[in-house]
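*Asks:* Now for the letters of each chain:
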Amino acid sequence: MTISPRLREDLLASVRSLRAFAVSLCGQPDRADDLVQETLVKAWSNIDSFQEGTNLQAWLFTILRNHYYSEIRKRRREVEDADGHYASRLATHPPQQGHLDLADFKIALRELPDDQREALVLVGASGFSYEEAAGICGVAVGTIKSRVSRARSHLAKTLKIENDSDIGPDSTTEAIFTSLKQRRA
Amino acid sequence: MLTLWCSFAAVPIQHSLEILIMTDKEKSNGKRPASRRPILDQNIQAHIGRKLRAVYDEVAASPVPDHIVELLAKLEESQRK
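One line per chain: the protein sequences are A and B, in this order.
The opening residue of the first sequence carries number 1 in the working numbering; numbering runs sequentially from there.
The opening residue of the second sequence carries number 1 in the working numbering; numbering runs sequentially from there.
Derived by calculation from the structure, the hints in this document are not laboratory data.
Just so you know, even glycine gets a beta-carbon here, dropped at the ideal spot from N, CA and C.
Some hints could be false.
[Said to hold, decoys possible] To give an idea of the chain A side of the interface with chain B (calculated C-beta under 10 Å), a few residues: (1) R8; (2) V15; (3) R16; (4) S17; (5) F21; (6) V23; (7) S24; (8) N55; (9) L56; (10) D101; (11) K106; (12) L109; (13) P113; (14) Q116; (15) L159.
Whole structure, please, built from the sequences with the hints as guidance.
*Replies:* Here is the structure:
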């Protein structure tokens, strides 16, 4: 088993977006880092099955996603045995960090159905094409398109941005609104 | 009489065929007629896109934690052996 310097570089470069994707899946930064570690170990031991020159990032995302959902299934079985111990842990919300104006968006994003959030993140943030996202999730391209579209409508509804006037024209206006809100508080 | 019956029957059959064909077409390009599909304004889509990337980049732009960097180093080491 040999890993070319190019492949190693790509692997390192993918870790950042892999972490962001993991957080979007599970909502917990610590758990996300565990997922990334487990993914890297799996990827490394299966590197022979990866065809160099094809999309490494998509390959890693697929491994992480499959691993995450199989863990969830495993945990769900454990939850049934363990008297709701895991269930209470799974139900805790992730700590909110970052800018004030992103807090609402994060909550709305977390409230999306898993399949919609995942499709939206893959296409809208990770930069995958609809085709690549379909490959990662193991569904048809049309399914991804419809999930992304439903996710956007869902977010627009939750965040009450159903028409243009609900959006501040630019970030400056947003900043003014935020400072006004803070002054009032 | 038969021709009359056929011409009556042909209308709904042709109509339902059209629907079938349309549905297949829609499936292949993932589009639905505007009346059934809520199309969001471009600006709203862009707004959601910006927020989404900002949330994503909070993690993606932050440094990779030490334990992950260490793990990668270990994996590389194991490869050399």
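*Asks:* Each hint should be assessed against the structure and marked as holding or not.
*Replies:* Verification of the supplied hints:
1. R8: Status holds, d = 7 Å.
2. V15: At about 5 Å, which falls below the 10 Å cut-off, the nearest Cβ of chain B leaves the hint on V15/A intact, so it holds.
3. R16: holds, 5 Å
4. S17: holds, 5 Å
5. F21: It holds, given that the least Cβ distance between F21/A and chain B is near 8 Å, below 10 Å.
6. V23: OK, holds: V23/A within 10 Å of chain B, min 5 Å.
7. S24: holds, 7 Å
8. N55: The hint is violated - N55/A has no Cβ within 10 Å of chain B, the shortest such distance being about 17 Å.
9. L56: violated, 14 Å
10. D101: Holds, about 8 Å.
11. K106: At 6 Å from the nearest chain B Cβ, K106/A passes the 10 Å test, so the hint holds.
12. L109: Holds, because the Cβ-Cβ distance from L109/A to chain B comes to roughly 7 Å (cut-off 10 Å).
13. P113: violated, 16 Å
14. Q116: Because about 12 Å separates Q116/A from the closest Cβ in chain B, which is outside the 10 Å limit, the hint is violated.
15. L159: Given a least distance of 8 Å, the restraint on L159/A holds.
Violated hints, in rising order: 8, 9, 13 and 14; the structure is consistent with all others.
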